[in-house]
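Protein chains: 2
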Amino acid sequence: MVLEKINSPKDVKTLNLDEMKILADEIRQGILDKVNAIGGHMGPNLGIVETTIAMHYVFNSPEDKFVFDVSHQCYPHKMLTGRKEGFTNPNEYLTYTGYTAPEESDHDLFKVGHTSTSVSLATGVAKARDLKGEKYNVIALIGDGSLSGGEAYEGLNNASTLNSNIIIIVNDNDISIAENHGGLYDNLKNLRESNGNAENNFFKSLGFDYYFVKDGNDTQSLINTFKKVKDIDHPVIVHIYTEKGLGLKPAVENKEAYHWALPGVLNPQSDNNTTQEESYTSITLDYISKKTKEDKTVIAVNAGTPGVFGYTPEYRNSLGNQYTDVGIAEEHAVAYSSALAKQGAKPILSFMSSFVQRTYDQLSQDLALNNSPITMLIYWGGISGADATHLCTFDVPLISNIPNIVYLAPVNKEEYLAMLDWSINQTKYPVAIRVPMTNLVSVGIKDTTDYSILNKFKIINKGENVAIIGAGNFFQLGEKVKALLNTKLGINATLINPVYLTGIDEEMLNNLKSNHKLVITLEDNVLNGGFGEKISRYYGNSEMKVLNFGADKEFTDRISLSDLYEKYHLTPDLIVDDIAKTLNLLEYSK
Amino acid sequence: MVLEKINSPKDVKTLNLDEMKILADEIRQGILDKVNAIGGHMGPNLGIVETTIAMHYVFNSPEDKFVFDVSHQCYPHKMLTGRKEGFTNPNEYLTYTGYTAPEESDHDLFKVGHTSTSVSLATGVAKARDLKGEKYNVIALIGDGSLSGGEAYEGLNNASTLNSNIIIIVNDNDISIAENHGGLYDNLKNLRESNGNAENNFFKSLGFDYYFVKDGNDTQSLINTFKKVKDIDHPVIVHIYTEKGLGLKPAVENKEAYHWALPGVLNPQSDNNTTQEESYTSITLDYISKKTKEDKTVIAVNAGTPGVFGYTPEYRNSLGNQYTDVGIAEEHAVAYSSALAKQGAKPILSFMSSFVQRTYDQLSQDLALNNSPITMLIYWGGISGADATHLCTFDVPLISNIPNIVYLAPVNKEEYLAMLDWSINQTKYPVAIRVPMTNLVSVGIKDTTDYSILNKFKIINKGENVAIIGAGNFFQLGEKVKALLNTKLGINATLINPVYLTGIDEEMLNNLKSNHKLVITLEDNVLNGGFGEKISRYYGNSEMKVLNFGADKEFTDRISLSDLYEKYHLTPDLIVDDIAKTLNLLEYSK
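Read top to bottom, the protein sequences are chains A and B. Numbering of the first sequence is given in my numbering, commencing with residue 355 and proceeding in unit increments. Numbering of the second sequence is given in my numbering, commencing with residue 355 and proceeding in unit increments.
Do not take every clue at face value.
Copies of the same chain are indistinguishable here, so a pair counts whether it falls within one copy or spans any two.
[To be verified] Cross-link-like lysine to any residue pairs, in silico, SDA-like; alpha carbons within 25 Å at most: (1) Lys-558 <-> Thr-515; (2) Lys-359 <-> Ser-636; (3) Lys-842 <-> Ser-633; (4) Lys-871 <-> Ala-934; (5) Lys-603 <-> Asn-361.
To be clear, the hints were calculated from the coordinates, so they are not data collected in a lab.
Please work from the sequences and hints to get the whole structure.
Now the structure itself:
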């Protein structure tokens, strides 16, 4: 066993090639064991093992600085930098994050989880070094998939003008999460096929020196090339060709499925369990299938994360030219969809909440200012126990404070489908829909609401004294609070589904004043800049009390949902307690 | 006179080359006259006259679709599409915007004012055409400066994969607003110098067919090339080399100064009027000069708009390697600055408010999540009579709802300088400062506040009954409201400078409850998601009334500031009236 001797990168430097080969096998075993136990990024880490060993063999981390793009390929790096127990000891599987984390180790510079940032960050590191008159290597490791993001290009365009050391390793494995999209990928293919000698080299066109490593899983080749570029005095690209998923046959054969794997991936259950339960994802897929068949101008668009939406390769094929994956290029996705809509097509653009953050200005300028009638679906929006890099609580303040956009929060299947229909058929507004994160709820009655009457809230139960406004995912929490208010305090509360996150129903809110003392708002996102504050503002000049429930403005990092709900007072008990306190205060103050 | 006969693009098609030459001169005269009268984009429009004539001669707008990047070079296009009176008749100078505007003409597809969007928009137009089975040319016109923006690259990378007509004219005039920055510009230079035949053609590397026009101000050459690519069945780049400012010698000789010109540009006053008044811009320049000299790790960073901050060419040179203009690449600017700070340098990153929108995810992920101690200066933040494309009212909701960032709103010179000092010397937080839009106010007393005690508001005058929280630009409005409250209603109001836009002073707000009935907030930005709503939320469970004053969530378009202030109740009289109403309501309800 070689890995057991490796406590820091120094120990890697003492190994011979045979030992490094054994080390690579052991690292792969650690990746397989851990991902099989708790899930994680499988393919990207299996592919980058030899590269990481060679990096630590040739360079001197932490004096030399490694910047990992997305950092979902940092498992081997963690194993070589004092954190191997996180992979070899099941009790320690949860000790370390799946991404680089400066709080864990000096070998990690940045907390990273979104794509396409490494070249910019590395350029800043290199410039700081130069300003301080220091000497060390700065190495960015970026995958080919990340190269489609605008930030990566902005970084490359600037990195190449540094008159000093910066080494950008482009890990080309011919696939992003799904297949790559864009003209650049033909260029990478040409470069691979020409052993780096193709005409019109993208990297050289941006001013980089350029090296190609044909076998990016051959440690010796990597070491040779890294030695050549070590201490180089100008910007250089090292383009390496690796095999994603290497070491696990199914992961090589089905790179998309094994990019991120669920626990138990090595022992998949038989496929008999195919009684697909209906979910908001499945009904969306059915809906898009149906609509694209009915109308040749309906088109599904996404930015490099088809799996989030259940867009399997078969499904994508079934949509034909009515499907565009723009690659990891969220800005383009929005502008492209805006123009599609402006010219009479009907784009359904889907984002995971955390990634819609990557395109604020396009939402504002390309889309909202032009009032293009697209349908935008926001997935996974809500408080979660996710890594700090993948929180999905900011989409509401982000989207809902942009003029013109209508942001809808359905609470059941029928409402969601009616909103989809309305959105696709109308031509007046950009519409976003926050796809519920809850299990599918069906009320069994077709929703005939006219959603063109904007900002009209729905009163579900008329009561008095307390009104509960439960938005989207938290409508059902509102139902529970209503029930508990009745049981505990004998209050027959009013329950409201606000439907719209982008406006308020002034008439209804005003009417509530006649027989309510308190309005509470429930929203599954950060409170700051969110929905509830708009209700608080509205009632500011009145006697109405308002309590806003939602998440604090903070980056939480793998905190369990139950702990977060406790902290934010998002359980029926805690909410009813807060209501009781506020009402008692009212009694007291009389 | 040829122009007088041109009422639509059809009329351009009847002209011979001599007439087109005359037309070009007349268009230039229109640009000069109008810009000299009311200000506007001078250089970009002077440079693109022949291109526009040739485009309308060869293509058939509006059947063929033109998409202008930034659209600050659309004056000639407007003159040829029925809007020439906006340039020839001084009474009509204000009739049309300086950007493309679909509400003005069918020849304008999109409302555009931010850079780097045209290729993505054109790709969407082309795809909609293909889905609908229609046939027409889609032409994007993008300047070289816009090519440094990530959205442009994302667009190019996707446009090249269209299997149909899209024509991207790259207007290369060898300068953006200031000089261009980035490796791409060496490639453009190589292409110019090789008559389009350089090795490693950036556009070809992305999969485009490619044409070069050496003299982009020669109408015949342009027509010849446009005819070649008209109705082409695949993506093509037409790289044209033009002279920015052509037709006005000083504009050619000093392209940066004449990019956007003030009224009277053709008859500049003598330079005797050099008694430079102190302004927030001038003291910032002085501050950066001093700090960069004292500390070699202080570095000024911006993204392609040095003029906004008063960074003249001489000033830039004076900073040497302690200055980085990354070009129009706001995302890179943030990530780069974050990394600079993380490695111990002290970046001062400046943005115009409207453009900080282009980098939300980097503010969140690259910067805030990593808690990098940069200093970010936001200029021009505030309500204005600007075009809808250049509003500066959204930076507060954008920045202030991201965790970790400290957003400060100084109200006078001493406070601003103290904040700068604190920010540069601390290492715990990313700090943004909203540089005041007001005339410089000096209180003459050094500010010794410890800004590391976050979210501590300052009570400027202790009073009772009503508390006025006047943020940033609107602190002085708060002073006026306080005076008028006294005169009109006999109220001795409390006046508060909140200092922080990213948090609230709960202790102070709680103390106000003892002898105040009403708190009003004044903020120079949209209310939705802004500062005041956080105050409203805080007081939701109490008897305190709150009124939030600020801008509505809307895209205003060249509405005068006085009209906006009237509409939003942002004058002392209107505010005092609202206060009186709210207090009377209180009386009434007792």
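Evaluation of the provided hints:
no., hint, result
1, Lys-558 <-> Thr-515, "both (12 Å within a copy, 21 Å between copies)"
2, Lys-359 <-> Ser-636, "neither (49 Å within a copy, 60 Å between copies)"
3, Lys-842 <-> Ser-633, "neither (33 Å within a copy, 61 Å between copies)"
4, Lys-871 <-> Ala-934, "both (12 Å within a copy, 24 Å between copies)"
5, Lys-603 <-> Asn-361, "neither (30 Å within a copy, 68 Å between copies)"
In terms of the numbered hints stated before, the structure departs from hints 2, 3 and 5, listed from lowest to highest.
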